[in-house]
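Asker: Chain by chain, the residues run as shown.
2 protein chains.
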Amino acid sequence: MKASQFFVSTLKEAPADAEVVSHKLMTRAGLIKKLGAGIYTYMPMGLRVIRKVEAIVREEMNRAGAVECTMPVVQPGELWQETGRFEKMGPELLRIRDRHGRDFVVQPTSEEVITDIARQELRSYKQLPRNFYQIQTKFRDERRPRFGLMRGREFTMKDAYSFDRNPEAAKASYQVMAQAYRRIFDRFGLTYRAVAADSGAIGGDLSEEFQVIAATGEDAIVYCPASDYAANMEKAESAPPTGPRPAPAQAQTLTPTPGKATCADVAALLGVPLASTVKSLVLATDTLDEDGNVTASQVWLLLLRGDHDMNEVKVSKLPGLDVGFRFATLAEIQSHFGTEPGYLGPLGLLQPVKVVADREVAVMADWICGANRKDYHITGVNWGRDLPEPDLVADLRNVVAGDPSPDGKGALAIERGIEVGHVFYLGTKYSKAMNATFLAEDGKPAFFEMGCYGIGITRLPAAAIEQNHDERGIIWPDAIAPFTVVICPIGMDRSEAVKAAAGQLYAELLAAGVDVILDDRGERPGAMFADWELIGVPHRVTIGDKGLKDGKVEYQHRRDSAATAVDVSQMADLLRSKLAV
Amino acid sequence: MKASQFFVSTLKEAPADAEVVSHKLMTRAGLIKKLGAGIYTYMPMGLRVIRKVEAIVREEMNRAGAVECTMPVVQPGELWQETGRFEKMGPELLRIRDRHGRDFVVQPTSEEVITDIARQELRSYKQLPRNFYQIQTKFRDERRPRFGLMRGREFTMKDAYSFDRNPEAAKASYQVMAQAYRRIFDRFGLTYRAVAADSGAIGGDLSEEFQVIAATGEDAIVYCPASDYAANMEKAESAPPTGPRPAPAQAQTLTPTPGKATCADVAALLGVPLASTVKSLVLATDTLDEDGNVTASQVWLLLLRGDHDMNEVKVSKLPGLDVGFRFATLAEIQSHFGTEPGYLGPLGLLQPVKVVADREVAVMADWICGANRKDYHITGVNWGRDLPEPDLVADLRNVVAGDPSPDGKGALAIERGIEVGHVFYLGTKYSKAMNATFLAEDGKPAFFEMGCYGIGITRLPAAAIEQNHDERGIIWPDAIAPFTVVICPIGMDRSEAVKAAAGQLYAELLAAGVDVILDDRGERPGAMFADWELIGVPHRVTIGDKGLKDGKVEYQHRRDSAATAVDVSQMADLLRSKLAV
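Going down the list, the protein sequences come from chains A and B. Sequential numbering from 1 applies to the first sequence in the UniProt record's numbering. Sequential numbering from 1 applies to the second sequence in the UniProt record's numbering.
Derived by calculation from the structure, the hints in this document are not laboratory data. Take these hints with a grain of salt, some might be off.
[What the hints assert, rightly or not] No more than 35 Å apart at the CA atoms, straight line, and that leaves these computed lysine-lysine pairs for DSBU-like: (1) 444(B) <-> 88(B); (2) 499(B) <-> 171(A); (3) 432(B) <-> 24(A); (4) 126(A) <-> 2(B); (5) 88(A) <-> 429(A); (6) 12(A) <-> 2(A); (7) 34(B) <-> 88(A); (8) 2(A) <-> 429(A); (9) 171(A) <-> 317(A); (10) 24(A) <-> 126(B); (11) 34(A) <-> 34(B); (12) 24(B) <-> 34(B); (13) 2(A) <-> 444(B); (14) 2(A) <-> 34(A); (15) 429(A) <-> 24(B); (16) 34(B) <-> 126(A); (17) 171(B) <-> 34(A); (18) 171(A) <-> 2(B); (19) 126(A) <-> 499(B).
[To be verified] Chain B is faced by these chain A residues, among others (derived, beta-carbon under 10 Å): (20) 33; (21) 67; (22) 76; (23) 113; (24) 117; (25) 137; (26) 141; (27) 154; (28) 322; (29) 324.
By construction, the Cβ of each residue, glycine as well, lies at the ideal position given by its N, Cα and C atoms.
My request is simple: use the sequences and hints to build the entire structure.
Answerer: Printed below as a string of structure tokens:
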């Protein structure tokens, strides 16, 4: 490609609404152009990146035996009513009425449509396993779209759906996809981690997220540097405490802590480690009658070490809390604890509550908690002596860096990631809701066992940039760069020698299948270099009269701090070897 | 591709709602699957065809210097309000409100968005010419979607938009696109015709439709077999009459024609040629005040030869009628003609009307028209003698087969076509509405001169099928077939020889870059052949034990009535030569 025949458009300044570096750089480099909140045009330079991402995904999906189709963007509401998602999804689901007043949605995913196709097309177990995928426009009406392509409203997703005859076969299909995802992410040339994720009501370990590692990532990722353990924060188990509970050594003492409503403040005031304090979280569960009216409520007190945070996913699975919990109201707190949040604790309650202690809290002695009296805490609290053992002891907390790995192979570390892929075993959730069956080997109808597998095609370039950039701009991995090589001729309009050398290298690289752009726009060197550094083309060749006199041109990788002189006759070979073409 | 790893799904019966052959065959061959009215999933077999169409379009658009981008499917209503299309487009435009109550549309085309991009990105004449295109999902909420992909609601279109500094440059850009379209349609391997189309208010000849010729086409196409004249029916001019008007030979006579309200009936009753009768069409135009209320109306009488039809586009451009016309009401007809339609004519009017005669009517003598009296016509009518010369003489009619070509090079013929492409010079229609300017060479802002260029990507396969099919199914041209070659092994599971020969040919063809599918499903020969004939793969190789004994396999083109025995060692070469790979 010659730059004069392409569309190169860069900006000095990032738009005012760009908060993250990928959004800033994608806009400045002319990859995307905002049309509305969370809605972007993929400009020619950006579309090249997206097409390369698509091509890698497509190749590996095909290799893994998935078959591509394209489902409609606009989908009938009735199908979405079959699974209840038409109502359940809330305002994120963009709903439309057509000219005849019929309900439609703009697809956020396509479980309903593909299950509808499967129940019509896959009639026998002999047609299974089957995996359909599409790379197609999606829409989620985010309440607060931001971060450019990172959390847009319109986006492109690769979504795949597997259909199997039984759970074992479905799990095998899942593993095939998980492996394909590893190949895909390897090929992107990004640093990523596949982490175990929560699989919701289905259970088991068949849910993994593919996270591109970046300091700016929204998600906390837990991993063990000494083993292959990796999970997202929701999912990561904390290892059970090792030692037994120490014997009480202190007396229970009411201690004034005026205005100190947090564990951190109390620990600082008393000069004790934060880990010796216990925080109280008050939840509630409701019993409903047939009409959905609340007939009774139960108040729960969760106790966590002061330096730990509650993990809502873990809590949502505890017996009694798995019906769905909420935070207690101020009235409930007052009526049970007799005081306001900030000074709550398990001692001296006005009404009984269910006490759930994190495993770490259950092995503490001489701990500190709120006194259920404003401006007071109690120190030297001990289980058994001062209060009964908790009703339930469980893993309630997010892990923290340094926690022992649950596989016993070292300490956990935490880093940030951007989720760009997810593989998920669905079981029969959708097939049962939509009565999607096939004839099993025994001649009876059976529900499809399903899996779903997504990759955020347009999110991936943003994640790649969050991971790979510097103060001058983007640094693309070769595989998804808009162009792999840029040739920058200096004074091409004045020098026949430069023009000839640039033209010859360009032709040689094209012939070798290298995705090269020749910058023939006639820009001055400074502006030209700044453009390509901003755009992030990984390999640059500079050709000028000065070097050519000695038969030299310059090579510089986008990460190199300086250029290297190379014999003009060697440059094509050098690039071919670097690019392995 | 091996069929066992692909998704082959055929149906014996077409769906009840399929009216046209392409809809029937695309559904039966498993290319598409209906999701809702006018909304289809492109199944794996169909998507392959669409991808090949896209690839050809993309290659030729790139070759012609257009640059690909992707504009959003969901577009803000405000932009559409700038051009007035948000209101004007009526219910065909699918409108959405997002969660914040803001108006959006699902794009039917993208003039507004690309003009918005141009007014931001193209600041100087130095950046022109520029042509952006996309291949993207579109939606038109057709009142009556039907004919499968031929008139669907959701579809894929390639839409390109050119921006130029002046009309001459814009016309040059238009010609570049028109040439690219010819290359594209040549490559599809279809019989097509580029025909002049009406260019609306802009005038000139810079509007062409690309019509795939098919007996079932919706559009009438006019062409001259002896020259390169071709136009759609709306646009096709009739040549002016040659001879002068003959002198009157008959007396004007009131003739009873009881119950004969059409020219055809009258001609039959009187035993005269239809071409000696004149039909009367009554139109009206309204004068409006500032508030849009009608303050006055003018009635028009259009006179056409009994064997001719009115051309609304031509009539809409006549002076006085170009403000917008309607058919007259029954009350207006009664008050001016004193009778009801069926017996109208230009003689003996109650109130004056403007009389417009088609050029052919203006040179008639001794003609027959309604008497403005029920059940009566007048014969022997003559201009000048019986009534004044018409207020206006013009080309009002559709041409008919046998009319002289307007280029004077022979007689016109008419055939049917399916419009799959359109190139159009827009002028400054959108740039003026959206105040989209660039700095011209004189340093002053100037409006972009634009063109737009569409290809119905998902309509094209349907048009190809309308043109190329037989009672057994589809017959694809090589370029857009889902697979170019199918290998059908007979008894592959029983015969090692068949399996080996099929596997070897498959590998050889793959290596040669042939898009081949090996049918390893184990279907019986009859079902296997029926499937591939229905699907329409153009080249078939059959491999069986019987032939292999003599070192032979069979080749059959989808259009051949019988197979040809070919040496197994020659088959790959034969296919390579047929496919020119």
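Asker: Now look at each hint and say whether the structure bears it out.
Answerer: Consistency of the hints with the structure:
1. At most 35 Å may separate the alpha-carbon atoms for a hinted pair to count; residue 444(B) and residue 88(B) meet this at roughly 32 Å.
2. For a cut-off of 35 Å, the pair hint linking residue 499(B) to residue 171(A) stands: about 32 Å separates their Cα positions.
3. Distance hint between residue 432(B) and residue 24(A) is fulfilled; the C-alpha atoms sit about 31 Å from each other, no more than 35 Å.
4. Restraint check for residue 126(A) and residue 2(B): the C-alpha separation of about 16 Å stays at or below 35 Å, so the hint holds.
5. Restraint check for residue 88(A) and residue 429(A): satisfied, since their Cα atoms lie roughly 15 Å apart, inside the 35 Å limit.
6. Between residue 12(A) and residue 2(A) the alpha-carbon distance is near 23 Å, which keeps this suggested pair within the 35 Å criterion.
7. Taking the CA atoms of residue 34(B) and residue 88(A), the gap is about 26 Å. The hint holds against a cut of 35 Å.
8. Between residue 2(A) and residue 429(A) the CA atoms are separated by roughly 52 Å; this puts the pair beyond 35 Å, and the hint is violated.
9. As the CA atoms of residue 171(A) and residue 317(A) are separated by approximately 23 Å, the hinted pair is consistent with the 35 Å bound.
10. Note on residue 24(A) and residue 126(B): the hinted pairing holds, with a Cα-Cα distance of about 27 Å set against a maximum of 35 Å.
11. This hinted pair checks out: residue 34(A) and residue 34(B) have alpha carbons roughly 34 Å apart, not beyond 35 Å.
12. The hinted pair formed by residue 24(B) and residue 34(B) meets the criterion: a straight-line CA distance of about 12 Å does not exceed 35 Å.
13. For the given pair, residue 2(A) sits about 30 Å from residue 444(B) by alpha-carbon distance, which is consistent with the 35 Å threshold.
14. Proximity of residue 2(A) to residue 34(A) is assessed by CA-CA distance (about 26 Å); at most 35 Å being required, the pair is judged to hold.
15. Annotation: proposed proximity of residue 429(A) to residue 24(B) holds, straight-line Cα distance about 34 Å (limit 35 Å).
16. A threshold of 35 Å between alpha carbons decides the hint, and for residue 34(B) with residue 126(A) the separation of about 24 Å falls inside it, so the pair holds.
17. Taking the CA atoms of residue 171(B) and residue 34(A), the gap is near 30 Å; set against the 35 Å cutoff, the hint holds.
18. With a C-alpha separation of about 24 Å, the suggested pairing of residue 171(A) with residue 2(B) holds against the 35 Å cut-off.
19. A hinted pair counts as satisfied when its Cα atoms are at most 35 Å apart, and residue 126(A) with residue 499(B) qualifies at roughly 22 Å.
20. Interface hint status for residue 33(A): upheld, as the beta-carbon distance to the closest one in chain B is roughly 6 Å, under 10 Å.
21. Of the supplied interface hints, the one on residue 67(A) holds, with its beta-carbon coming within about 5 Å of a beta-carbon of chain B, less than 10 Å.
22. Contact between residue 76(A) and chain B, as hinted, is supported at the beta carbon level, the nearest pair being about 4 Å apart and thus within 10 Å.
23. Because the smallest distance between the Cβ of residue 113(A) and any Cβ of chain B comes to about 6 Å, under 10 Å, the interface hint for this residue holds.
24. A hinted interface residue such as residue 117(A) counts as satisfied when its beta carbon comes closer than 10 Å to some beta carbon of chain B; here the least separation is about 6 Å, so the hint holds.
25. A least Cβ separation of about 5 Å between residue 137(A) and chain B falls short of the 10 Å threshold, and the interface hint therefore holds.
26. Among the interface hints, the one on residue 141(A) holds; its C-beta lies about 5 Å from the nearest C-beta in chain B, closer than the 10 Å criterion.
27. Taking 10 Å as the C-beta cut-off, the interface hint given for residue 154(A) holds, the closest approach to chain B being about 5 Å.
28. A least Cβ separation of about 31 Å between residue 322(A) and chain B goes past the 10 Å threshold, and the interface hint is therefore violated.
29. The criterion of a C-beta within 10 Å of any C-beta in chain B is not met by residue 324(A), whose closest approach is roughly 24 Å, and the hint is violated.
Hint compliance for this structure: hints 8, 28, 29 are broken, all remaining hints hold.
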